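> These protein sequence lines map, in sequence, to chains V and W.
Numbering of the first sequence is given in this note's numbering, commencing with residue 1 and proceeding in unit increments.
Numbering of the second sequence is given in this note's numbering, commencing with residue 1 and proceeding in unit increments.
Worth double-checking, as some hints may not be accurate.
Copies of the same chain are indistinguishable here, so a pair counts whether it falls within one copy or spans any two.
[Stated by the list, open to error] Result set (BS3-like, lysine-lysine): computed pairs, CA atoms no more than 25 Å apart in a straight line:
| # | residue 1 | residue 2 |
| --- | --- | --- |
| 1 | K171 | K317 |
| 2 | K395 | K100 |
| 3 | K323 | K364 |
| 4 | K158 | K213 |
Since the hints were made in silico from the structure, they are not lab data.
Since we're looking at a predicted model, the values are computed, not measured.
Protein chains: 2
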Amino acid sequence: MKSEILCVGTEILLGDIVNTNSQFISKELANLGIEVYHQSVVGDNPQRLLDELKLGFERSDIIITTGGLGPTQDDLTKETGAKFFNRELVLDEKSLKELKEHFNRMGKSYSDGNNIKQAYFPKGSTIFSNPYGTAPGCAIEDKGKILIVLPGPPRETKPMFKNYVIPLLKKYSNGIIKSKTLRIYGLGESSMAERVSSFIENSTNPTVAPYAKEEDIILRITARAAEEKEALSLIEPVEIGLRKILGVNVYGEDDVKMEEVLGRLLIDKGYTLSCAESCTGGLIASKLISYPGISKVFKEGIVAYSNEAKIKRLGVKKDTLDKYGAVSPEVAKEMAIGIAETSNTDIGISTTGIAGPDGGTPEKPIGLVYIGLYNRGEIKVKKLLHAGTRDMIRKRATMNALDWIRRQIL
Amino acid sequence: MKSEILCVGTEILLGDIVNTNSQFISKELANLGIEVYHQSVVGDNPQRLLDELKLGFERSDIIITTGGLGPTQDDLTKETGAKFFNRELVLDEKSLKELKEHFNRMGKSYSDGNNIKQAYFPKGSTIFSNPYGTAPGCAIEDKGKILIVLPGPPRETKPMFKNYVIPLLKKYSNGIIKSKTLRIYGLGESSMAERVSSFIENSTNPTVAPYAKEEDIILRITARAAEEKEALSLIEPVEIGLRKILGVNVYGEDDVKMEEVLGRLLIDKGYTLSCAESCTGGLIASKLISYPGISKVFKEGIVAYSNEAKIKRLGVKKDTLDKYGAVSPEVAKEMAIGIAETSNTDIGISTTGIAGPDGGTPEKPIGLVYIGLYNRGEIKVKKLLHAGTRDMIRKRATMNALDWIRRQIL
Numbered sequence: 001m002k003s004e005i006l007c008v009g010t011e012i013l014l015g016d017i018v019n020t021n022s023q024f025i026s027k028e029l030a031n032l033g034i035e036v037y038h039q040s041v042v043g044d045n046p047q048r049l050l051d052e053l054k055l056g057f058e059r060s061d062i063i064i065t066t067g068g069l070g071p072t073q074d075d076l077t078k079e080t081g082a083k084f085f086n087r088e089l090v091l092d093e094k095s096l097k098e099l100k101e102h103f104n105r106m107g108k109s110y111s112d113g114n115n116i117k118q119a120y121f122p123k124g125s126t127i128f129s130n131p132y133g134t135a136p137g138c139a140i141e142d143k144g145k146i147l148i149v150l151p152g153p154p155r156e157t158k159p160m161f162k163n164y165v166i167p168l169l170k171k172y173s174n175g176i177i178k179s180k181t182l183r184i185y186g187l188g189e190s191s192m193a194e195r196v197s198s199f200i201e202n203s204t205n206p207t208v209a210p211y212a213k214e215e216d217i218i219l220r221i222t223a224r225a226a227e228e229k230e231a232l233s234l235i236e237p238v239e240i241g242l243r244k245i246l247g248v249n250v251y252g253e254d255d256v257k258m259e260e261v262l263g264r265l266l267i268d269k270g271y272t273l274s275c276a277e278s279c280t281g282g283l284i285a286s287k288l289i290s291y292p293g294i295s296k297v298f299k300e301g302i303v304a305y306s307n308e309a310k311i312k313r314l315g316v317k318k319d320t321l322d323k324y325g326a327v328s329p330e331v332a333k334e335m336a337i338g339i340a341e342t343s344n345t346d347i348g349i350s351t352t353g354i355a356g357p358d359g360g361t362p363e364k365p366i367g368l369v370y371i372g373l374y375n376r377g378e379i380k381v382k383k384l385l386h387a388g389t390r391d392m393i394r395k396r397a398t399m400n401a402l403d404w405i406r407r408q409i410l
Numbered sequence: 001m002k003s004e005i006l007c008v009g010t011e012i013l014l015g016d017i018v019n020t021n022s023q024f025i026s027k028e029l030a031n032l033g034i035e036v037y038h039q040s041v042v043g044d045n046p047q048r049l050l051d052e053l054k055l056g057f058e059r060s061d062i063i064i065t066t067g068g069l070g071p072t073q074d075d076l077t078k079e080t081g082a083k084f085f086n087r088e089l090v091l092d093e094k095s096l097k098e099l100k101e102h103f104n105r106m107g108k109s110y111s112d113g114n115n116i117k118q119a120y121f122p123k124g125s126t127i128f129s130n131p132y133g134t135a136p137g138c139a140i141e142d143k144g145k146i147l148i149v150l151p152g153p154p155r156e157t158k159p160m161f162k163n164y165v166i167p168l169l170k171k172y173s174n175g176i177i178k179s180k181t182l183r184i185y186g187l188g189e190s191s192m193a194e195r196v197s198s199f200i201e202n203s204t205n206p207t208v209a210p211y212a213k214e215e216d217i218i219l220r221i222t223a224r225a226a227e228e229k230e231a232l233s234l235i236e237p238v239e240i241g242l243r244k245i246l247g248v249n250v251y252g253e254d255d256v257k258m259e260e261v262l263g264r265l266l267i268d269k270g271y272t273l274s275c276a277e278s279c280t281g282g283l284i285a286s287k288l289i290s291y292p293g294i295s296k297v298f299k300e301g302i303v304a305y306s307n308e309a310k311i312k313r314l315g316v317k318k319d320t321l322d323k324y325g326a327v328s329p330e331v332a333k334e335m336a337i338g339i340a341e342t343s344n345t346d347i348g349i350s351t352t353g354i355a356g357p358d359g360g361t362p363e364k365p366i367g368l369v370y371i372g373l374y375n376r377g378e379i380k381v382k383k384l385l386h387a388g389t390r391d392m393i394r395k396r397a398t399m400n401a402l403d404w405i406r407r408q409i410l
């Protein structure tokens with residue numbers, strides 16, 4: 001089966017948004033062993049959309065669209081799909097009910113005028129309900145051609161793809177492609193690539209490929225086989241070899257996040273944690289709390305942005321602030337000790353730094369961050385110097401702090 | 001002039017990389033007033049690439065390609081372009097010299113075998129040198145059709161576009177396109193679209209179009225004119241009309257963020273702020289601190305995730321927690337008052353809620369969040385009920401809290 005992806009939306013053609021849906025869907029189709037030969041984008045224009053459907057179905061068996069399912073007159077993907085397959089649009093009562101419930105839950109008033117459009121589908125469609133928005137998706141299968149229509153916002157597209165489209169397409173896939181991703185922190189891309197170059201070069205089945213992500217590096221092992229079991233047995237020895245070389249730098253697998261790995265480890269090892277943040281300002285706490293199990297071990301966080309807060313909430317000495325300045329290893333230490341002691345936790349982590357864009361000096365440049373780590377009576381400080389924007393500096397310091405705790409309690 | 005963008009690379013079709021080149025080029029073309037009606041992606045396959053060129057030049061006057069200029073046999077964009085225009089490939093001595101110099105600078109050895117390919121171009125091309133990589137780009141103009149061939153890595157594509165392609169295309173652009181974006185919070189997409197439907201329907205120049213973003217809604221006003229001044233004067237009356245209808249729901253313009261709008265407003269009006277977060281767990285503090293000027297008004301944040309922290313740090317009464325539970329309007333109130341009083345700030349904002357995925361009950365379902373707002377002696381509580389994942393619920397509550405403070409002090 002050949003497939004293609006067609007994203008609908010003038011905002012993509014204007015360059016207002018990056019088309020991440022195409023990437024997501026392409027990757028999912030590759031995992032299913034369904035080939036993607038084209039990705040296209042057209043604006044909210046019914047004639048050009050219809051032309052793309054005609055062209056796409058000359059080349060391919062499956063077209064997956066995203067976008068154009070909103071409540072406005074501009075949104076015409078279902079209408080154009082219905083025209084292509086020569087079907088009328090019919091009201092789906094279940095979708096209308098869910099739509100009204102959604103409005104109700106959001107405390108907003110439902111109006112038939114615009115919104116009812118979202119409950120109409122080409123006759124005979126399979127409908128995909130959308131718990132995260134007002135636009136359900138659908139699939140139309142006709143004479144060996146399959147049109148799959150999904151909403152545009154990625155937070156709606158992704159769960160709908162996983163819950164409805166994968167089960168639907170599984171019956172059309174030829175063999176499978178299986179990937180395993182190792183997530184790596186603490187090594188640069190090129191130094192990692194050098195260490196594992198014998199695995200990357202000339203890798204065929206499985207292939208091994210490195211990718212630098214915003215916050216870490218991944219190594220993807222991809223095998224092609226008739227059956228999942230066979231693919232997994234191709235991947236296993238390669239994974240073992242890579243882990244042997246990379247050791248503790250591999251912090252997790254696939255889509256796991258550092259905060260989840262750390263949260264589980266804290267729970268397993270019986271450590272409690274609190275944090276005192278200055279430059280990262282809530283990012284460490286916020287990441288930790290995105291892991292649902294964290295309440296067992298995370299007690300509290302203090303965003304001690306002002307010196308006043310550092311003194312009052314954390315017991316940092318005024319003398320230390322005066323003598324060394326807020327961005328100093330001494331203050332990072334006192335913050336970490338202070339939060340652990342006042343929260344009565346095993347571990348206290350602290351950050352203080354200069355995230356920019358102003359405030360840098362030759363001695364304390366933008367990007368300088370001190371991390372303090374108190375761990376059951378022992379205190380350590382680490383100095384970071386990262387280039388980048390305010391957000392990048394804050395994110396990198398956060399990731400580094402989480403990883404440091406992980407390494408300490410491993 | 002109509003244009004389209006054609007990105008070449010199997011790695012894009014496999015979903016290994018996000019196609020940011022299409023976004024970058026689209027935005028640049030919009031600024032030049034050159035319309036983009038299609039974006040496409042094909043793999044490293046000469047036949048499909050040739051088909052795309054044929055199709056593209058039936059629809060458009062300009063095709064801009066990226067990718068497929070590397071030294072390997074897979075890289076065939078120039079070769080296919082030459083075939084389409086029926087031209088031979090000829091060696092460009094200047095490019096060859098630059099290529100050898102580039103290898104020299106990088107401390108690598110140049111080998112004629114593979115690399116020389118990168119110095120060959122379709123006869124009669126305008127060549128764009130590439131200081132950031134080994135692949136120069138080129139343009140071929142023939143019978144009113146223009147093919148522009150650029151390298152794939154964004155760090156090479158972008159400077160080449162700015163230095164060579166913009167000057168080349170300026171002579172073909174029909175005036176300019178200018179956009180202004182109004183950012184809206186507190187109205188649903190459809191209810192906003194209804195209020196301003198007279199502006200959206202039949203809008204031509206300027207056009208008015210709504211887009212739902214992850215955290216807010218935008219209305220884009222886009223005008224086409226010969227000169228920037230003329231475009232701005234077309235936009236102005238429409239903007240005034242929209243603002244009159246939408247009022248305080250318009251919180252900002254273009255790429256501004258809610259935290260920046262709020263930060264500036266707090267500074268202007270002389271309010272200080274602190275926050276006490278449970279379910280949002282650091283997100284409010286973290287957003288505020290992403291605005292560099294915030295230190296003037298933001299004192300501190302407490303991530304009071306445990307009941308213990310709510311009692312000890314914020315003075316929430318144990319009785320209140322026992323009687324109403326942590327997720328209750330009463331606790332939200334005491335948290336907001338507690339943080340404002342202990343931090344000595346004008347405003348104290350608090351959140352407590354059930355972000356899921358577990359912990360929901362029929363009385364207190366997942367998605368229930370209470371926000372407390374203490375403002376110079378006055379205390380208010382607001383109840384939210386959002387659908388979605390843990391992250392979405394937390395993000396929405398954060399955005400809602402920031403917007404609520406904005407409305408209170410406006």
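> Mind listing which of the numbered hints don't hold for this structure, in increasing order?
1
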